[in-house]
Amino acid sequence: MKDSGIEWIGEIPESWEIGKISYFYDVTLGKMVDNSNSVQSNYLCAANIKWTGVNTEVEKKMFFSDSEKEQYLLQNGDVLIMEGGMAGTSCVYHDEFAPCYIQNSVHRCRPKANDCNRFLYYWMFVVYHSGYINNLCNKATIMHYTKEKVKATPMLCLSVEEQLAISAYLDRQCALIDSVTEKTKASIEEYKKLRQAVITQAVTKGVRGDRPMKDSGIAAVDKVPTDWKTYAMKYLVSIPITDGTHMTPEYTDSEHGIPFLSSKDISSGVVEWSNIKYITKELHEVLYKSVSPQVDDILLAKNGTTGVAAIVEENRIFDVYVT
Numbered sequence: 000m001k002d003s004g005i006e007w008i009g010e011i012p013e014s015w016e017i018g019k020i021s022y023f024y025d026v027t028l029g030k031m032v033d034n035s036n037s038v039q040s041n042y043l044c045a046a047n048i049k050w051t052g053v054n055t056e057v058e059k060k061m062f063f064s065d066s067e068k069e070q071y072l073l074q075n076g077d078v079l080i081m082e083g084g085m086a087g088t089s090c091v092y093h094d095e096f097a098p099c100y101i102q103n104s105v106h107r108c109r110p111k112a113n114d115c116n117r118f119l120y121y122w123m124f125v126v127y128h129s130g131y132i133n134n135l136c137n138k139a140t141i142m143h144y145t146k147e148k149v150k151a152t153p154m155l156c157l158s159v160e161e162q163l164a165i166s167a168y169l170d171r172q173c174a175l176i177d178s179v180t181e182k183t184k185a186s187i188e189e190y191k192k193l194r195q196a197v198i199t200q201a202v203t204k205g206v207r208g209d210r211p212m213k214d215s216g217i218a219a220v221d222k223v224p225t226d227w228k229t230y231a232m233k234y235l236v237s238i239p240i241t242d243g244t245h246m247t248p249e250y251t252d253s254e255h256g257i258p259f260l261s262s263k264d265i266s267s268g269v270v271e272w273s274n275i276k277y278i279t280k281e282l283h284e285v286l287y288k289s290v291s292p293q294v295d296d297i298l299l300a301k302n303g304t305t306g307v308a309a310i311v312e313e314n315r316i317f318d319v320y321v322t
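Going by numbering that gives the first Met the number 0, the sequence shown opens with residue 0, and the numbers climb by one from there.
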């Protein structure tokens, strides 16, 4: 191995060199959106570009002249790179829409010789996640990974045979990882459903096994034990149910402020304190309306994940912000 001379690449095999994407690929930026009413053709935009492949749920059309069709036509195997937004996100085109062209939020990379498109795709994954594009592009506004920047992006120089071998290896390994990930996601969802079913069964039917049941009168609950009764929640609380302030405050730092809870800080049955925002003590005095929760109070999200509940387990003073 030897030092590549680029920090985010690190060491590389001695027989490899560092070049640029432009050494091996022709880079073409797509056409600006044309809203004319002439005969229209399929094109791909940034919303179509996903690491997992072309997103076929987004279908767009616009006019392309004969010369523009020749210039922007996609071929099976072209590597597509997002110009803005999640700049650098890439995929390989496999004739998802044919014929199809590109709009100017997408770059098309096509090998000049026999270089492996799949290798460029995997290389762009490394480039993207290294932070190179973030550092290269202007982050003060929307990032633009321009044609010149794509062409100048460093790329490893290695034989086509090695590119093919590496790409085939990654195809196999990534397919295996994706399979495990999907199975894990499915298992998690099944456990979530099981947890919900166990909780629902216990709180609506009890835990004593079979017993006489009656209609609860609540569609979401169905039947309940005959000796149970249903009440509106307001009859079961020691103080009136209330919500917090409806204004958006100015925030300050934690050292000089009062914690200010919003619905996004309620999840999984608890208050999540790690990202709590803070307001000034002066604003706290203005907003305070006797809603500082006490230990064992129950909070319900009014917006976003509406109805998600949390039990207050720490005695902290804060306002509750609900839009």
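For the record, the hints were derived by calculation from the structure and aren't laboratory data.
Bear in mind the structure is a predicted one, so any value in this text is a computation, not a measurement.
Please note that a few of the clues may not be correct.
No more than 25 Å apart at the CA atoms, straight line, and that leaves these computed lysine to aspartate or glutamate pairs for DMTMM-like [stated by the list, open to error]: (1) Lys148 with Asp2; (2) Lys146 with Asp114; (3) Lys1 with Asp25; (4) Lys30 with Glu147; (5) Lys184 with Glu56; (6) Lys49 with Asp114; (7) Lys60 with Asp94; (8) Lys146 with Asp25.
If you anchor each label on the Cβ, the simulated ranges turn out as follows [claimed, not checked]: (9) Gln293 with Tyr230: 17 to 27 Å; (10) Thr183 with Gly83: 28 to 38 Å; (11) Thr199 with Gly9: 33 to 43 Å; (12) Thr199 with Ser129: 54 to 64 Å; (13) Pro12 with Ser64: 28 to 38 Å; (14) Asp252 with Val125: 33 to 43 Å; (15) Gly9 with Leu299: 49 to 59 Å; (16) Lys60 with Lys222: 49 to 59 Å.
Think of the CB as a built atom: it goes at the ideal place given N, C-alpha and C, for glycine as much as any other residue.
For each hint, the structure was consulted:
Using a Cα cut-off of 25 Å, the hinted pair Lys148 and Asp2 holds, with the two alpha carbons roughly 23 Å apart. A distance of roughly 20 Å separates the Cα atoms of Lys146 and Asp114; the hinted pair therefore holds under the 25 Å criterion. In summary, the hint linking Lys1 to Asp25 is not supported, as the alpha carbons are separated by about 29 Å, beyond the 25 Å threshold. About 16 Å separates the Cα atoms of Lys30 and Glu147, which keeps this hinted pair within 25 Å; it holds.
For the hint pairing Lys184 with Glu56, the CA-to-CA distance comes to about 22 Å; that is within 25 Å, so the pair holds. Restraint check: the Cα-Cα separation between Lys49 and Asp114 comes to about 22 Å, which is no more than 25 Å; the hinted pair holds. Among the hinted pairs, Lys60 with Asp94 is consistent with the structure: their alpha-carbon atoms are about 16 Å apart, no more than 25 Å. Our distance criterion of 25 Å between C-alpha atoms is met by Lys146 and Asp25, whose separation comes to about 10 Å.
Taking 17 to 27 Å as the suggested C-beta distance range, the pair Gln293 and Tyr230 conforms, at roughly 22 Å. Between Thr183 and Gly83 the beta carbon distance is about 33 Å. The supplied range of 28 to 38 Å therefore holds. Checked against the hint of 33 to 43 Å, the pair Thr199 and Gly9 fails, with Cβ atoms roughly 52 Å apart. Between Thr199 and Ser129 the beta carbons are some 46 Å apart, a value that contradicts the proposed interval 54 to 64 Å.
For the hinted restraint 28 to 38 Å between Pro12 and Ser64, the CB-CB distance of approximately 47 Å leaves it violated. Taken as a hint, the range 33 to 43 Å holds for the pair Asp252 and Val125, whose Cβ atoms sit roughly 37 Å apart. Distance hint for Gly9 and Leu299: a CB-CB separation of about 50 Å, consistent with the stated range 49 to 59 Å. Checked against the given bound of 49 to 59 Å, the beta carbons of Lys60 and Lys222, roughly 54 Å apart, stay inside it.
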